[in-house]
Amino acid sequence: MLDEKVILMLLEGIRDTLYMTLFSTFAGYVLGLPLGIILNVTRADGLKPNRVIYRILDITCNIVRSIPFLILLILLIPFTRALVGQSYGSTATIVPLVICAAPYIARVVESSLNEVDAGVIEAAKSMGASDFQIIRKVLLVEAKTSLLTGMTITTGLLLGYSAMSGTVGGGGLGDIAVRYGYYRWQTDIMIVTVILLILIFQIIQNVGMKIANLLDHRKR
Amino acid sequence: MSEIEIRHLTKKFEVNKHWITALEDVNLSIESGDIYGVIGMSGAGKSTLVRSINFLEKPTEGQVLIEGTDLAELSGRELRKKRSEIGMIFQGFNLLEQKNVIDNVCFPLEIAGVKKKEASARAIELLKMVQLEEKERAYPSQLSGGQKQRVAIARALATSPKILLCDEATSALDPQTTESILKLLKEINEKLGITIVIITHQMSVVTSICTKVAIIDSGRLVEEGSVEKIFESPSSDAAKELLSGVKRQASSLEILPAYRVIRIVFSENSAYEPVLSNVILKFGVPVNILKADTKNVNGKAKGEMLLGLPDDPEVQEQIIAYLKERELIVSEVKDYAG
Ligand SMILES: Nc1ncnc2c1ncn2[C@@H]1O[C@H](COP(=O)(O)OP(=O)(O)OP(=O)(O)O)[C@@H](O)[C@H]1O
Ligand SMILES: [Mg+2]
Chain A
-1 MLDEKVILML
9 LEGIRDTLYM
19 TLFSTFAGYV
29 LGLPLGIILN
39 VTRADGLKPN
49 RVIYRILDIT
59 CNIVRSIPFL
69 ILLILLIPFT
79 RALVGQSYGS
89 TATIVPLVIC
99 AAPYIARVVE
109 SSLNEVDAGV
119 IEAAKSMGAS
129 DFQIIRKVLL
139 VEAKTSLLTG
149 MTITTGLLLG
159 YSAMSGTVGG
169 GGLGDIAVRY
179 GYYRWQTDIM
189 IVTVILLILI
199 FQIIQNVGMK
209 IANLLDHRKR
Chain B
783 MSEIEIRHLT
793 KKFEVNKHWI
803 TALEDVNLSI
813 ESGDIYGVIG
823 MSGAGKSTLV
833 RSINFLEKPT
843 EGQVLIEGTD
853 LAELSGRELR
863 KKRSEIGMIF
873 QGFNLLEQKN
883 VIDNVCFPLE
893 IAGVKKKEAS
903 ARAIELLKMV
913 QLEEKERAYP
923 SQLSGGQKQR
933 VAIARALATS
943 PKILLCDEAT
953 SALDPQTTES
963 ILKLLKEINE
973 KLGITIVIIT
983 HQMSVVTSIC
993 TKVAIIDSGR
1003 LVEEGSVEKI
1013 FESPSSDAAK
1023 ELLSGVKRQA
1033 SSLEILPAYR
1043 VIRIVFSENS
1053 AYEPVLSNVI
1063 LKFGVPVNIL
1073 KADTKNVNGK
1083 AKGEMLLGLP
1093 DDPEVQEQII
1103 AYLKERELIV
1113 SEVKDYAG
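As you go down the protein sequences, you meet chains A and B in turn.
Going by the numbering used here, 52 is the number at position 54 of the first sequence; the sequence numbering is gapless.
One rule links them: number in the numbering used here = place in the second sequence (from 1) + 782.
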């Protein structure tokens, strides 16, 4: 069963899965990190409270997050096609993954930043730091462990979602599992892909948590 | 020109559609080189007052002038510049937990745009002054409370400020550590000529290093002057309460009715004569010592006693007159509930 062709296919599956997961995490942070910062800064006891901006972002995030991923994927097909020229394959899957991830990341970032001790921010203000300096040099630095933990969890989530997109021809290991396991009854190949997904997930979690812990100076 | 001048400062906070007046019409002048204590009970408005001095809290009414400059007239950038000339330390130390000691001390310099090399040199110099140079690479979580406050002091002094604000800087520390931090502050004041404002709820902090003191009670400044004067003859209830550690609002059930309680203060010249035993011998009545203490007020020994006098009002007056004759400072203590 594991002939050269299958192995090659599995390797490509791993590559595509990693590509989708990592790229969508990256692009998700490009959108979600600033959104999370804005949420933190504009909340009632933030650096620059602004009810209107906070409410708009808050509601938008909630709406996008309440749409199940598979439905979002289908809803976004026209948009995806317009953006990348096709609605199947790994690159196309990245579009809904990013749209799904951005508000989730914004929330994760917001809550990480909310945990930063108000006293430390006050101290920075008393030294004459500007809001921008406080964000860059205090909030993001003091929250780095929590931000990295959040990023690890997000990457794991996107790995799962990228596999889910396999049901509609999204490419990667999930796609292989669905095509062989569901349509062709080749359970063995499906099991192998599932094991591979579990392994990738474990590696991401362990590496992410290790790095977060290594960079944390709060404990002795 | 005063170093810090506060004019008609009123600060109100809106909480759930209600306005809380944290400070009301506070007027205060702090001169260059002072170690100025601000003392009051919890919730009196001390933190709000000290946060107004660097405009972390903007006044609802009134003005704050630093070396004659009205802070309200500064632009955002100018205000930040001004803040960098005013150091501040806190009860909770507020160090950056993810940065090591030297990077914490460098932080205000980094914010001010000072070159890294220059900043490190300055930080090392300051860490020497607070005797922590060997902890340079340690992280705050590896330090004791006293060490953390020393780092915070070094950090606050990094930009060579003229003023240092201390909000309950020793309240989280044990008595010995408190003493060493106060000693350090005194040294800083003497060596660098920095004006220090110390917020506290402990009279002992004021008596050990402050030269002047203001007492705030429910948002109002009720008494102000030299520490010596207020220690000897407090005029406000709040001052008496802070001096004797007595609770004012004790419920009527708790108040021990019977006798009259007075507080006497004696200084070096009156401390020799055994006044109290003389009182007992002369009047032939028992006098109850409720509390006795000696304090070092700016280098002078001051004794303090709370006495419970016998019931007879006539004898009470005689005893008070006798004590006053001996140059002791006598004041009434109302509602003693200790
Ligand atoms: N940001 C704020 N919003 C609403 N009310 C506030 C705020 N800051 C202070 N207050 C109120 O103002 C009053 C004075 O507070 P402040 O913190 O200045 O007291 P304090 O003398 O420093 O007390 P403590 O010794 O407990 O630190 C209190 O009633 C407090 O609840
Ligand atoms: Mg306070």
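I should point out that these hints are in silico values taken from the structure, not numbers from a laboratory.
The structure presented is a predicted model; accordingly, all values stated were derived computationally and were not measured.
Any given hint could be a false lead.
[Unchecked claim] Keeping only pairs whose Cα atoms sit at most 20 Å apart, straight-line, the calculated SDA-like set for lysine to any residue is:
1) B:K881 to A:L138
2) A:K135 to B:K897
3) B:K840 to B:K881
Against the structure, the hints:
1. B:K881 to A:L138: holds (12 Å)
2. A:K135 to B:K897: Holds - the C-alpha atoms of B:K897 and A:K135 are around 16 Å apart, at most 20 Å.
3. B:K840 to B:K881: Judged against 20 Å, a Cα distance of about 30 Å means the pair is violated.
Consistency note: the structure conflicts with earlier hint 3 alone.
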